[in-house]
Amino acid sequence: EDKVVQSPLSLVVHEGDTVTLNCSYEVTNFRSLLWYKQEKKAPTFLFMLTSSGIEKKSGRLSSILDKKELFSILNITATQTGDSAVYLCAPRFRTATPTNAGGTSYGKLTFGQGTILTVHP
Amino acid sequence: EAQVTQNPRYLITVTGKKLTVTCSQNMNHEYMSWYRQDPGLGLRQIYYSMNVEVTDKGDVPEGYKVSRKEKRNFPLILESPSPNQTSLYFCASSNELRGQPQHFGDGTRLSIL
Chain A
-8 EDKVVQSPLS
2 LVVHEGDTVT
12 LNCSYEVTNF
22 RSLLWYKQEK
32 KAPTFLFMLT
42 SSGIEKKSGR
52 LSSILDKKEL
62 FSILNITATQ
72 TGDSAVYLCA
82 PRFRTATPTN
92 AGGTSYGKLT
102 FGQGTILTVH
112 P
Chain B
29 EAQVTQNPRY
39 LITVTGKKLT
49 VTCSQNMNHE
59 YMSWYRQDPG
69 LGLRQIYYSM
79 NVEVTDKGDV
89 PEGYKVSRKE
99 KRNFPLILES
109 PSPNQTSLYF
119 CASSNELRGQ
129 PQHFGDGTRL
139 SIL
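Chains as they are written, first to last, in the working numbering: chain A, -8 to 112; chain B, 29 to 141.
Worth flagging that the hints you see were computed from the coordinates, not collected in a lab.
Bear in mind the structure is a predicted one, so any value in this text is a computation, not a measurement.
Be a bit skeptical, because a hint or two may be false.
Claimed, not checked - With the C-beta cut set under 7 Å, the calculated list includes, among others, these residues of chain B facing chain A:
#1 LEU71
#2 PRO129
#3 PHE132
Claimed, not checked - Sample of chain A residues lacking proximity to chain B, with all beta carbon distances greater than 10 Å (derived):
#4 SER(-2)
#5 HIS5
#6 GLU6
Just so you know, even glycine gets a beta-carbon here, dropped at the ideal spot from N, CA and C.
Work out the full structure, taking the sequences as your base and the hints as a guide.
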């Protein structure tokens, strides 16, 4: 059974701190891993990782994937109160081809429980 | 503006009264999916659709139906809602063939009394 574990489940820091969020997974037919940030409503896309060892960076956020050890980390440097959110990781993997799909296999996302990050001023 | 639109955003209803949550996307995505989000359980997939008239069960399909008659629309149907279907529901779409990330709607908070 596919499994995704995020840690820690909850984290409280002060502005300016650096945080590292972890995501380990066990999925068959792995295709890629996505990170999302969820505030009050819809998850918003942060990163998609497909290759091991290549860091993706966007401002103060960065992420990297290790396909051999089956984990990914999301780093946030110089945290701000606006970083407070739930961070979700979601490995994507190929599904078994459905019988009515004309032979096309598609990716399926399995989400972890999320890490609740709270940044205090 | 590229978006996924869900309606209604909030609904309180009673056990057994059929309801439909609509989802529409304007990005010409072939892939659409429904999730429910519950405290401590994360996002779980209910149903997904790979194209018009092509749908399949996700991880928690019991008590739900879907249809995909047009590419842009993917409604979620609860024929006989029960209190255990009280949850936050998200619709998402993507261009899966190109490996692009899923875009989410703003969510529908459903309460079944």
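The hints, checked one at a time:
The restraint placing B:LEU71 at the interface with chain A holds, with a minimum CB-CB distance near 4 Å, inside the 7 Å limit. Interface hint at B:PRO129: satisfied, since its Cβ lies 4 Å from the closest Cβ of chain A, which is below the 7 Å cut-off. A least Cβ separation of about 4 Å between B:PHE132 and chain A falls short of the 7 Å threshold, and the interface hint therefore holds. For A:SER(-2), the non-interface assignment is confirmed: its Cβ lies about 13 Å from the closest Cβ of chain B, beyond the 10 Å cut-off.
Chain B leaves A:HIS5 outside its interface by the beta-carbon criterion, the shortest separation being 26 Å against a cut-off of 10 Å. Once the 10 Å rule is applied to beta carbons, A:GLU6 is consistent with being away from chain B; the minimum gap is 27 Å.
This entry satisfies every hint, going by the numbered hints stated previously.
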